[in-house]
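Asks: In case you want the letters, here they are:
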Amino acid sequence: MTITLIVLALMMAVFVGWLFSQSINVRPWIAETSRARPLPRIIPPSVTAPRVGLVVFLAVVTSVFALSISAYIMRMEMGTDWRSVPEPGLLWLNTGVLVLASVALQTAWHAAKHGKRPLLRRTLVAGGILTVAFVIGQLVVWRQLSAAGYYMTANPANAFFYLLTALHALHLLGGLVAWGRALNKLYGGAELARVRAGVELCAVYWHFLLLVWAVLFGLVLTT
Amino acid sequence: MGEREYDASSYVPPAEVGEMELVHPKTFIGKYIWSQDAKVIAIQYVITATSIGLVALVLSLLMRLQLGFPNSLTLIDPSSYLQYVTMHGMIMVIYLLTALFLGGFGNYLIPLMCGARDMAFPYLNMLSYWVYLVSVLLLVVGFFLPGGSTGAGWTLYPPQAINPGTPGVDGGIILMLVSLAAFIIGFTMGGLNYVVTVLQARTRGMTLMRLPLTVWGIFMATVMALLAFPALLVAALMMLLDRLLGTSFFMPGMLSMGELSSHEGGSPLLFQHLFWFFGHPEVYIVALPAFGIVSDLIATHARKNIFGYRMMVWAIIIIGALSFVVWAHHMYVSGMNPYFGFLFATTTLVIAVPTAIKVYNWVLTLWRGNIHFTVPMLFAIGFLFTFVNGGLSGLFLGNVTVDVPLSDTYFVVGHFHMVMAVAPILVIFGAIYHWYPKVTGRMLNDTLGKIHFWVTFLGTYAIYYPMHFIGLEGVPRRYYAYGETTFISDSVQALNAGITIAAFIVAIAQVLFLFNLVWSYFRGRESGPNPWQANTLEWQTPHTPPRHGNFGEELPAVYRWPYDYSVPGAKHDFIPQNVPPEEVEYEESSKSGGRA
Numbered sequence: 001m002t003i004t005l006i007v008l009a010l011m012m013a014v015f016v017g018w019l020f021s022q023s024i025n026v027r028p029w030i031a032e033t034s035r036a037r038p039l040p041r042i043i044p045p046s047v048t049a050p051r052v053g054l055v056v057f058l059a060v061v062t063s064v065f066a067l068s069i070s071a072y073i074m075r076m077e078m079g080t081d082w083r084s085v086p087e088p089g090l091l092w093l094n095t096g097v098l099v100l101a102s103v104a105l106q107t108a109w110h111a112a113k114h115g116k117r118p119l120l121r122r123t124l125v126a127g128g129i130l131t132v133a134f135v136i137g138q139l140v141v142w143r144q145l146s147a148a149g150y151y152m153t154a155n156p157a158n159a160f161f162y163l164l165t166a167l168h169a170l171h172l173l174g175g176l177v178a179w180g181r182a183l184n185k186l187y188g189g190a191e192l193a194r195v196r197a198g199v200e201l202c203a204v205y206w207h208f209l210l211l212v213w214a215v216l217f218g219l220v221l222t223t
Numbered sequence: 001m002g003e004r005e006y007d008a009s010s011y012v013p014p015a016e017v018g019e020m021e022l023v024h025p026k027t028f029i030g031k032y033i034w035s036q037d038a039k040v041i042a043i044q045y046v047i048t049a050t051s052i053g054l055v056a057l058v059l060s061l062l063m064r065l066q067l068g069f070p071n072s073l074t075l076i077d078p079s080s081y082l083q084y085v086t087m088h089g090m091i092m093v094i095y096l097l098t099a100l101f102l103g104g105f106g107n108y109l110i111p112l113m114c115g116a117r118d119m120a121f122p123y124l125n126m127l128s129y130w131v132y133l134v135s136v137l138l139l140v141v142g143f144f145l146p147g148g149s150t151g152a153g154w155t156l157y158p159p160q161a162i163n164p165g166t167p168g169v170d171g172g173i174i175l176m177l178v179s180l181a182a183f184i185i186g187f188t189m190g191g192l193n194y195v196v197t198v199l200q201a202r203t204r205g206m207t208l209m210r211l212p213l214t215v216w217g218i219f220m221a222t223v224m225a226l227l228a229f230p231a232l233l234v235a236a237l238m239m240l241l242d243r244l245l246g247t248s249f250f251m252p253g254m255l256s257m258g259e260l261s262s263h264e265g266g267s268p269l270l271f272q273h274l275f276w277f278f279g280h281p282e283v284y285i286v287a288l289p290a291f292g293i294v295s296d297l298i299a300t301h302a303r304k305n306i307f308g309y310r311m312m313v314w315a316i317i318i319i320g321a322l323s324f325v326v327w328a329h330h331m332y333v334s335g336m337n338p339y340f341g342f343l344f345a346t347t348t349l350v351i352a353v354p355t356a357i358k359v360y361n362w363v364l365t366l367w368r369g370n371i372h373f374t375v376p377m378l379f380a381i382g383f384l385f386t387f388v389n390g391g392l393s394g395l396f397l398g399n400v401t402v403d404v405p406l407s408d409t410y411f412v413v414g415h416f417h418m419v420m421a422v423a424p425i426l427v428i429f430g431a432i433y434h435w436y437p438k439v440t441g442r443m444l445n446d447t448l449g450k451i452h453f454w455v456t457f458l459g460t461y462a463i464y465y466p467m468h469f470i471g472l473e474g475v476p477r478r479y480y481a482y483g484e485t486t487f488i489s490d491s492v493q494a495l496n497a498g499i500t501i502a503a504f505i506v507a508i509a510q511v512l513f514l515f516n517l518v519w520s521y522f523r524g525r526e527s528g529p530n531p532w533q534a535n536t537l538e539w540q541t542p543h544t545p546p547r548h549g550n551f552g553e554e555l556p557a558v559y560r561w562p563y564d565y566s567v568p569g570a571k572h573d574f575i576p577q578n579v580p581p582e583e584v585e586y587e588e589s590s591k592s593g594g595r596a
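Protein chains in written order, with full-length UniProt numbering: chain A, 1 to 223; chain B, 1 to 596.
Derived by calculation from the structure, the hints in this document are not laboratory data.
Here the structure is a predicted model, which means the values were calculated and not measured.
Take every hint as true, because none was put in to throw you off.
Interface residues of chain B toward chain A, partial, derived using beta-carbon atoms under 8 Å:
| id | residue |
| --- | --- |
| 1 | Leu233 |
| 2 | Tyr309 |
| 3 | Tyr559 |
Where chain B lies over chain A, by a calculated footprint (3+ residues, C-beta under 8 Å):
| id | region |
| --- | --- |
| 4 | 2-16 |
| 5 | 19-30 |
| 6 | 55-68 |
| 7 | 77-86 |
The C-beta atom is built at its ideal place from N, Cα and C for all residues, glycine as well.
Sequences and hints are given; from them, build the entire structure.
Replies: If you want it as structure tokens, here you go:
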């Protein structure tokens, strides 16, 4: 559980530190002295509800993967039956595809910011297609592994490999729902500012899942 | 408040929180079934949670019947007894308490108390309730499967949870795990809403440190739940794979019913770590909202500002953070390294410090307050006693050397029922008596309320106090029958019979409460908008019950904290949060005394 605790401690430290900074020098029992005095400014305009919502959700997803990785390491150390999974070369290709998906969405975000509708359209669609390609690639890796006899039940290392890749792919597929909504807005002719609000969430979420995949892949490679 | 003047001094800066678009449905179904109004969703949560909670209450009565008067009911056999134990625990902890505090009170109170029109993401909020309902229905279906629901104990420890021979191993356990996963997904949708609404949708002037402690408690509990529930999700998924596909995450190789099982090398201990990594924060997920609500009940009904507001907020935050590093105190008997146990005993006992700060502050708030013994106040005071009593036995169990002999006895059952079942439930009752007038526009009947309080409060002591003694004798929990033993004295049976009688009396009092809820809805005294003369924003809405959008044309602006009760010199003993300083009325004598 060390990994979970470290990750959680970091997240908690940021959050609790922020809360303390909001509360340490405040005297809540003092009321405003006049109606005319401008009431305290609450939220900077760049901090929108969907952005905050995404950050909170990423914290939840971080918790899911940190716990899974902790379980992976604990199970590896606790049992004597751990035999590592081989890493098919296709995994490297898939990783490349996911990187491209992330780059595409980042470009889309950039295009939306600068009002380049055609570029936005192309890169947003490319991001989705590359993501689907990644998921299909992962399925092919599963087939290769099971064809080579690395069944889920044969060894805990295999079971964890299938579990972690499935969890990661499910999160990507969930992201495709948000991607679909952004795409729908774009083709529905919505204002660029509204499309951008959706695209930026997708881009950040994809970067985050790329990072998660890098960690998971690294874990599988080194153990 | 006389004529309003519209000169420069009454200028209020424009709202900085953007107005949100609300979905205003016209049809009955749109308004009350597929509703995106947090208040309706809250009531949906409360009704669903209470209904499934009543099922769990009946299960507990069946268990008590078997323990107090063995074999009096032929329907209860050993395996159904285990199923009752399991489902009672699981329903009460997760599907009732968590859902009621966060889904129920969270949804109703967060937008109103923060001065928001609705939750930040209303559609997601609606989805959250429906996924919760699905998870409850899956749980209910489990009762009717061949083999029934699972009987693995609410902790679902492997290997026995999915081993042949345990009740419900065919279907019950599968539905249980799927239902838990659904609950967690649904909760995450709701939880995102609660957190983002508190952070983003507060009205002008509502700084974090002007939030009522109720919101603080629910907010911190939600943050913890968002981070802790994933542990249960991961554990449930892995156990589901063990059960369905035959993997060996948790299942060791073993001989079961004379046959070698197909599993090999899995670690039951891994499950315990994951489960309690969720399970211990869960205690505080239930406790923190109770702490928050009880603070507001005490301040309002004692007409006094809460003592040490900042300390109360920091204590909530510190308790929340610390509760993530104590989980292994549930595992002292799992054969862990003694130094490891020592570490966790230390962190466990350290939590007593912020908790004690809260208890002292509640008592100091009551000290020389103008205490009104209303029904909500009675429940709040009842909570203080029960929580302290339950907490003190927690200090015993937190120590490894004391815990080991007491582990899995009725002492533990007595302890956790006092501290995390009865104490939060008393707060829930107090909160319902407190906020029912806002939800319905009518008061609950006072006499029935007082009978309900005294029977429940004294009755729960009659139930759980003797359990501590039974536990000290070493009587283990979760046993259907004890047979002949050398260590259980004869008086234990007499105590058990007494506990069962008390349990039935308490259950009848709850029927009275439900009757009060329904009767008062139609016949209760009209309450007016602010019957308790409270300061928080939900009592200042233009309509009671508040309509969709909560605050009419314009959102309120906040000028003060919610605890301006009995302000020296002020004419009334309460000044609501949205009253501008110019409109506060002072006693003539004190005004001439030079008060600004």
